[in-house]
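J.: Okay, here's what each chain looks like letter by letter:
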Amino acid sequence: MEQTMIITNNPKVNEKYHDSKTVKFLEGTYLDVLLAARNIVHKGGVLLTHPLSSSLKPNETPYKSLLVAQNKEEVDLKSIDLIENSIATAQKFGSHPKEMAIKKREDYKLIDLDLFDHVMDKI
Amino acid sequence: MRLELNYITINEMQFSSMSKIHNQTLLINKKELEDLILKDEHIQSVELDIARPGESVRITPVKDVLEPRIKEQSSSGVFPGVISGVETVGSGRTNVLKGVAVVTSGRIVGFQEGIIDMSGEGAKYTPFSETVNLVMTCHCHDSIKAHEHEKAVRYAGLRAAEYLGKLSIGIEGDSLETYETLPLLQSVSHYPELPKVAYVQMLQSQGLLHDTYVYGVDAKHILPTLLYPTELMDGAIISGNCVSACDKNTTYHHQNNCVIQDLFKQHGKEINFVGVVITNENVYLADKERSSDWTAKLVEYLGVDGVIISQEGFGNPDTDLIMNCRKIESKGIDTVIITDEYAGRDGASQSLADAHQSADAVVTGGNANELIVLDPMKKTIGHIEYVEKIAGGFNGNINENGSIVVELQAIIGSTNELGFGKLSAKDI
Amino acid sequence: MEKLKIIHYINQFYAGIGGEEKADEPPQLIKGPVGPGIALQAALGESGDIVATVVCGDSTYTEKMDETRERIKELVKPFNFDMIIAGPAFNAGRYGVACGDVASFLQKELGVFALTGMYPENPGVDLYKKELYILETKNSAADMRKAIKKMATFALRMKQNDVIEGYKEEGYIKRGLRRNYFNDKRGSERAVDMLISKMNQRPYETEYSMPEFDRVKPGNSIKDLTKAKIAIVTSGGIVPKGNPDHIESSSASKYGKYSIKEFNNLSNMDHETAHGGYDPIFANEDADRVVPVDVLRDLEKEGKIGKLHPYFYSTTGNGTAVASAKKFATDIALDLKENKVDAVILTST
Chain A
1 MEQTMIITNN PKVNEKYHDS KTVKFLEGTY LDVLLAARNI VHKGGVLLTH
51 PLSSSLKPNE TPYKSLLVAQ NKEEVDLKSI DLIENSIATA QKFGSHPKEM
101 AIKKREDYKL IDLDLFDHVM DKI
Chain B
1 MRLELNYITI NEMQFSSMSK IHNQTLLINK KELEDLILKD EHIQSVELDI
51 ARPGESVRIT PVKDVLEPRI KEQSSSGVFP GVISGVETVG SGRTNVLKGV
101 AVVTSGRIVG FQEGIIDMSG EGAKYTPFSE TVNLVMTCHC HDSIKAHEHE
151 KAVRYAGLRA AEYLGKLSIG IEGDSLETYE TLPLLQSVSH YPELPKVAYV
201 QMLQSQGLLH DTYVYGVDAK HILPTLLYPT ELMDGAIISG NCVSACDKNT
251 TYHHQNNCVI QDLFKQHGKE INFVGVVITN ENVYLADKER SSDWTAKLVE
301 YLGVDGVIIS QEGFGNPDTD LIMNCRKIES KGIDTVIITD EYAGRDGASQ
351 SLADAHQSAD AVVTGGNANE LIVLDPMKKT IGHIEYVEKI AGGFNGNINE
401 NGSIVVELQA IIGSTNELGF GKLSAKDI
Chain C
1 MEKLKIIHYI NQFYAGIGGE EKADEPPQLI KGPVGPGIAL QAALGESGDI
51 VATVVCGDST YTEKMDETRE RIKELVKPFN FDMIIAGPAF NAGRYGVACG
101 DVASFLQKEL GVFALTGMYP ENPGVDLYKK ELYILETKNS AADMRKAIKK
151 MATFALRMKQ NDVIEGYKEE GYIKRGLRRN YFNDKRGSER AVDMLISKMN
201 QRPYETEYSM PEFDRVKPGN SIKDLTKAKI AIVTSGGIVP KGNPDHIESS
251 SASKYGKYSI KEFNNLSNMD HETAHGGYDP IFANEDADRV VPVDVLRDLE
301 KEGKIGKLHP YFYSTTGNGT AVASAKKFAT DIALDLKENK VDAVILTST
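Line order of the protein sequences matches chains A, B and C. For the first sequence, this note's numbering assigns the number 1 to the initial residue and increments by one for each residue that follows. For the second sequence, this note's numbering assigns the number 1 to the initial residue and increments by one for each residue that follows. For the third sequence, this note's numbering assigns the number 1 to the initial residue and increments by one for each residue that follows.
Calculated from the structure, these hints are not laboratory results. All clues given are correct.
Listed below are the simulated DSBU-like cross-link pairs for lysine-lysine, each with C-alpha atoms no more than 30 Å apart in a straight line:
no., chain 1, residue 1, chain 2, residue 2
1, C, K130, B, K422
2, C, K149, C, K5
3, B, K145, A, K109
4, C, K64, C, K241
5, A, K104, B, K151
6, C, K130, B, K124
7, A, K78, B, K331
8, C, K261, C, K241
9, B, K426, C, K198
Generate coordinates for the entire structure from the input sequences, incorporating the hints supplied.
T.: Pasting the structure below:
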């Protein structure tokens, strides 16, 4: 079973998984999460989930969670392609509004967590 | 499988003391319908409204849109596996209330989205400005979980559609359309000269507010499989997807799948339309590989010459779309893909999140980032505070005269990826 | 329709001031039409007036872009004009960049209409096509009459808000922008028609062309660097002092191959930069900063690399047409292969 790492800026995902899995939790934006994943991919990480999960746009939802497999010898070109294209797509949208009602923010966390839970159920 | 659709034309709707259909008018006993909906204890209250084409009315947010249909004499019922039993649908006769839609509105999450304008500029971009709409605004208790809330509103829509559909029992329709698909080998021997075509429909399947159900089965958990085209006409596929208003398929879209309708128009003439392959759009990359491999394998097994592939949603489904296209093309089968675009407000950015040279036949539903100005509407049905939120959520603006500048992505069905609308985009 | 009031931008050559030797002419304003502006005025007839012409040297504009733009803006501001028309520049690279830049700058800053005319391979096209309409011309001034007519016609259409957004119909270079429109048929019907055509091998037109990726398979990695022959190739414009081959400061039409046999490092006594797109002070002080001969010689002496190829190849990258760059690279690559070079360090600025 390969070593996996969760990369996320969603406190709900961190809270749920930090005891049982390796979690790289960052206080940052959606784009920051993709950039962190990009750095790991360039060092041999393999993406297990699609970085642009959910139909919520990068300038709508502040939250993103990704799953990567680590400790690979060779760089995975498919993962590089995917993360770089995802970053380019995300950058098209600009950033989300800084002010957000708490309920809305909580709901975005919830959706991200739910989509991520379904992935974690598989592995 | 042979299905007759009995179309009963409806062009007006009124609340009345008795629910019935009379002279192309749908009369609804408000209390009776409310009571039906409130049987679900999750729903605290519901408001019913009518929105007619041409009225100065905005409906927002929009959860789902459904068409009232009913199977009169059948062991199976519409929306199988959900509000009917699991018996296979798609044959016999189904009544359709044509010209009517049930629109559910419910604040499941703080960012609920979707606009339908019944007149003005915005009306041009949604098919539901042309239907007489029964709008159901559902309110659930604050303590309810989002999953339960979504499910409650989903079922409320289905039950309302069934309730209205039942009113057509015994009514002679205005027109009858017959659709038939023979089992594969019979179909091929019936039309030996015609190229065989299958429709590959990609279903959104990622989780809360992003789900689709097939005979009640969560599409996340399916392996690509076969359906007869007429099964969709009986509500075999229903929507739990309420994110990305412009390119999500409402249940109405599934019931009236236009790719199926247009393939049937050419069936027996230019093509032999053999069937539908459904597949999903999961987040887990291995699922994407598995589903696209299966889909390509299935269409090859069917021995088709060409497929149309439609997708649903933004971002990661572009990867599934390209995988499906690439893998099917590599088997020597011609593809046409239907997608929409996010090319930025100026149309200068790359439209899709993924690309491949084998995707050389593309139909587009348009650039969802393009800005439009919505005329001010006299009345808003739904949650009024969403007017500001929707404008803000898409970085739109409300002008002094009350008109709203938003991206097209805020409008229900505007860039639909089944090709439901006439919107397209071109290079300039 | 009100008369269209136009400012016309041309370079020193078309203004009759001089050729390449006058490319450093500062921007100036002349009332009325000048040079090709006269033909443009004739083509506009009663519907348009060239109120003034801005003349500027190509080197001036492309080497001092920020200040030149602002200066031109000050010159034209007093005029109450509707549109800036620049060129046509045909295939002249620096002129094309200047035309594209001045037109899009004034469009943005002053809210005026803008258009220009160029040959599709002009580097100005890729840089500015998304911002403004570039009418398509042939690649030389022999096309002047036709180009002027095209630009005049289009200018009047723009003023009347009569532009159909279709590059084929209108004669401008495809801008690479997507624009929504309502088709007669719904998407699914278009898809079915398209599939029927495709299966029957009849022509069809895709509604969206996948982006073309110029994919190059990465070469094999070097197994043993200590045995490898390394060469330097630069688009940073480093040349022997005096620029004997006259490599242009932008929109280069050539590259140079220069010997470094006798050099352990480059200095301001023997090398300089020809590149007009960056502040040259540091590169002129010490060209090693762009072409690292000093470091590579050290590595060669230390045995860390096998050998430094005795020549470096140089051109200027800014505003250079993609087609030109491809051609230079093909030639250079052949030379490198013949000389059994194993790896190349590419430097740019």
